[in-house]
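Trainee: As a plain string of letters, each chain reads:
Number of protein chains: 2
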Amino acid sequence: MTWRQSASAGEDPEDRRAVSPINPASQSAVRPVKLLIVGGVAGGASAATRARRLSEDAEIILFEKGPDVSFANCGMPYYAGGVIDSREKLVVTTPERLRRRFAIDVRTRHEVLAIDRDSRRVRVRELETGREYEESYDRLVLAPGAVPVTPEVPGIDLPGIFTLRALEDIDHIKAGIDAGLKRAVVVGGGFIGLEFAENLVHRGVATTIVELQQQLLPPLDAEMTTPILASLVRHDVDLRLGDSAVAFEQVGQGLEVCLASGERLPAGMVVVGVGVRPLNTLAVEAGLEIGPRGGVRVDEQMRTSDPAIHAVGDVAEIREAIFGEPAQIPLAGPANRQGRIAADAVFGRESRYRGTQGTSVVGVFEVTAASTGFSEKQLRREGRHYRKVYVHPANHAGYYPGAESMTLKLLFDPQPGPRQGRILGAQAVGGHGVDKRIDVIAIAIQSGLTVYDLEETELAYAPQYGSAKDPVNMAGFVAAGLLRGDHPQADMETVLEPGFAERSQAGEAEIPLDVRTPEEFARGHLPAAINIPVEELRARLGELPRNRRVLCYCQVGYRGYLATRILLQHGFDVANLGGGYKTFRLHCPDEPAAADGRATRQAAAVGR
Amino acid sequence: MTWRQSASAGEDPEDRRAVSPINPASQSAVRPVKLLIVGGVAGGASAATRARRLSEDAEIILFEKGPDVSFANCGMPYYAGGVIDSREKLVVTTPERLRRRFAIDVRTRHEVLAIDRDSRRVRVRELETGREYEESYDRLVLAPGAVPVTPEVPGIDLPGIFTLRALEDIDHIKAGIDAGLKRAVVVGGGFIGLEFAENLVHRGVATTIVELQQQLLPPLDAEMTTPILASLVRHDVDLRLGDSAVAFEQVGQGLEVCLASGERLPAGMVVVGVGVRPLNTLAVEAGLEIGPRGGVRVDEQMRTSDPAIHAVGDVAEIREAIFGEPAQIPLAGPANRQGRIAADAVFGRESRYRGTQGTSVVGVFEVTAASTGFSEKQLRREGRHYRKVYVHPANHAGYYPGAESMTLKLLFDPQPGPRQGRILGAQAVGGHGVDKRIDVIAIAIQSGLTVYDLEETELAYAPQYGSAKDPVNMAGFVAAGLLRGDHPQADMETVLEPGFAERSQAGEAEIPLDVRTPEEFARGHLPAAINIPVEELRARLGELPRNRRVLCYCQVGYRGYLATRILLQHGFDVANLGGGYKTFRLHCPDEPAAADGRATRQAAAVGR
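Sequence lines, in order, name chains A and B. Using this note's numbering, the letters of the first sequence correspond one by one to residues 1 to 608. Using this note's numbering, the letters of the second sequence correspond one by one to residues 1 to 608.
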């Protein structure tokens, strides 16, 4: 048997016998498959247990460098914060259970040092004793995960500076907090950074977040992060956007974080969460093909350039599910599915990985932010055709107590053709129900649905749970109406351009028409806007110019849409300003006319 | 212009002009369309506002028999219960707003008495004055809704007996509760009955529910209602399943409800919610085609047998979305969309209604129950091919505090072919997150997805919101594994058959194998089951018979699946008992061996 043969799934008679549900007893007639797995958390543990379910007599050895397998690293910030009250709860499964229930030879504190692909052997070090030995394999699954990126700056190795990978990391952090930590700096404003900041605040620690970009949560579009930023400020989290740590220094018992801006932040502890990179050393040294972001190249069955070796989870370069381009998206759900698919492939099954959508969610205090598919900035960066809409509905019927507002942004393909309106991405931010709508749109993207399909989506409605017109329907209505030409839409960027107000007042640009009530108008409005409530519009058409484009807007977009329909049918050049005043305020929560960097404005505004 | 011409959508030049966004100003050159709408709640109000958005100069008259338009009838029980604290909140929109914002001629307290299709006129009575008049139409939209079914039994007209249709009904009910109501009987254990019972209890009223069927919530399968039944009993709601009210009598100041069983229940008030029937009088008298359940026959554009007349909402007979059969499914969301589609059709647009899935949700105390698509009993009744699986996951990561358990039942098409695994229906019951999973599966059904697709669905995961393997994925795994033959499944009905335990013990039937721990086994197990924990199974294969089928089970199905895989590969005749002991307990929460009517057993069990 050569690897080429066995690589072609289903052509390996041994493998086929191994998985045949028809005559499993015949398995023992041939030498069982020997499967080695490197890494015992999400992808590795899934591959191991799936492999056992597929083959009772395969020899399965799982190597894990650390002391634990399959622990819940997503729960670590909450353990530090005392929300999760015991360390044992983070342990999803134990080596003992994998041994007893799945007959897997689990070797924790064993590091795989090298792969000899020619002889199909790995070199292993038992970390407790230093003993080294070799183990042969028929198939190898690499699931080592990723490591936190560590900024290469002076002082990064000082005690009190932590990244998050193993349960041991969180033990140290928790011990520090328990010992009475007063002040911490979180470097990185992504998912982990925000979750940590929340938990530090929860424990009474004065916390500063330093983020290199001009916004929090870089996977989201900047304006969608405004409610999170506001929430952090409400909870007294100190923010430094567009800044970075350039050095760490020991000062007495504590640390000082030196920022690029020149500021120095005192801290009893620093938590660094600035992203992860694939732990690809083994794969690189073994000469496996590697993608530009460091991920191990795999096919749809998670097979690397060596067909005897699979790679799954954060170490693998996958494809994003929408355009099918290579991507590096570390997520637990996909890692689990990839482990499953790798095991399937080992035993000759045809399962194929469909790509990762990047569906994710984060809770920060009372705010939830979630997204799936592409963000607007990704689409722009890649030069894709797209349009966008914003809706600001409540999570359930407004007449039932406790309704919470959300903003839902939908990105879709406007190009004519059978795929017109295909959903490319969605983001939502708000209170309860945000995760539900993103999950619904995630499966819509998986199904290749269009915004026209979202109009017709039938979701469960009772006053505590939703609305007869669900936020998902609303987004579909607005997006489909835009594509049909029912309401030409101008994006908010039009009025955010520097000098727009001046040009508008000089008659040289579009004229914003605020169709809300005078009371709403008085509380704040777009620069250069005039006010005619939609109810009076039909009677006051004469007040509007016919030689300039009118940009209707209201609070969230609906009255603006009605006004747009009225004006359109009366022959005006008109567009609805997408998402209304609420969207404008997401873009610039402080001064309407301010024109400097967007996120800096955000920070200045909500930080006052 | 004749009706035939205009009925063919897009062929009516007037209509086309009316909706053209390119040159709307030309509209006024022709006589505007005159559109009459009968009924001003969900479907009617949607049709009216959509019509105005499509045509600024159409003449739109909306007749509503009651005093209110577009009120939230779904909120009525919660207003009675004081959860919604003001009546105004139930008013979604007012006649005044429809007039001012949409230039709609709203005529409340006007009853449309008859339609003269030949002359295209309706006869209208102004209820305040008794004045009658005629109004001509070009197009007519019927949206009168449905009326509560009133049992034709003696005493049904006594004061203190209420059905729910208009806001006035709830005013009377609330007044009664406010006046110190002590004891109430709710006739009907469907959505409205349960919501009312909860709110009556909330107000301190001793409440009995009388339901004709042997289960609550008849749209769901009986076993899925067990947690709701238990919740009602926990909250001291008295239940009479399989019984019905045969008469009502005035006794002193109060009422007595006489049941078919002979029991007499004293009550200060009776709320009757035993379903609705289409308010089809106008349509019947006008000779429009009517379906067997009384709904007005419509095409995909909601056009009745008279192309000048559309029908939408509860009065219309629609098609269910899965097999495309005619159905009568009164729901607010579909009514809204149908109103929109009717207006589109009036103005020459091509929108088409795709059918109703019956997606719905209800909250009863701390329990949520939701469903979409077909129930098992519907599929059985219609003789469809189906298989089913149950999973019992938590709504979010178990290690994060507050995780709540749910049961998710998935029904799918097992027939070989390209559509194998197509999802036919789903039901879920439990705590938080039930509505989310049903919404996700609702859109999966809309998309025609299969259980194989659910395996790959990528949903948002953070510990507060979900799991890396979401309940939806879990259901997909189990169902797809069943179809692939990875784990033959026996449905729970096998062991529920009368005499199964005796036959099994006599060696004449399958042998249930409980693979849980001895502690779990001791707390309760299937009749005739033997116990070998899955961890010991490989070493104890010799204890199992090779001449009888082994039915593995655990608590929820996962260990049973592992055991099934082990035994299958060792040549046993084996199946996994779908959904494990937890599913068994849903079917019979009291005595394992009990064999009388299922829901009666439920009641006896949880009512003790």
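Hints should not be assumed to be uniformly reliable.
Claimed, not checked - Pulled a few chain B residues facing chain A out of the computed Cβ check, cut under 10 angstroms:
1) 49
2) 107
3) 111
4) 113
5) 399
6) 454
Because the hints were derived from the structure by calculation, they are not lab data. Quick caveat: nothing in here was measured; it's all calculated off a predicted structure. For each residue, glycine too, the CB sits at the ideal point set by N, CA and C.
Trainee: Answer holds if the nearest beta-carbon of chain A is closer than 10 angstroms to that of residue 111 of chain B; otherwise answer violated.
Mentor: 25 angstroms, violated
Trainee: Using the nearest Cβ pair, does residue 454 of chain B come within less than 10 angstroms of chain A?
Mentor: 9 angstroms, holds
Trainee: Under 10 angstroms is the threshold here; is the Cβ of residue 49 of chain B close enough to any Cβ of chain A for the hint to stand?
Mentor: 9 angstroms, holds
Trainee: Using 10 angstroms as the Cβ threshold, decide whether residue 399 of chain B counts as touching chain A.
Mentor: 4 angstroms, holds
Trainee: For the restraint on residue 113 of chain B, tell me whether the closest CB of chain A is nearer than 10 angstroms.
Mentor: 29 angstroms, violated
Trainee: Does residue 107 of chain B pass the interface check with chain A, least Cβ-Cβ distance below 10 angstroms?
Mentor: 19 angstroms, violated
Going down the numbered hints, you'll see the structure goes against 2, 3 and 4, while the others check out.
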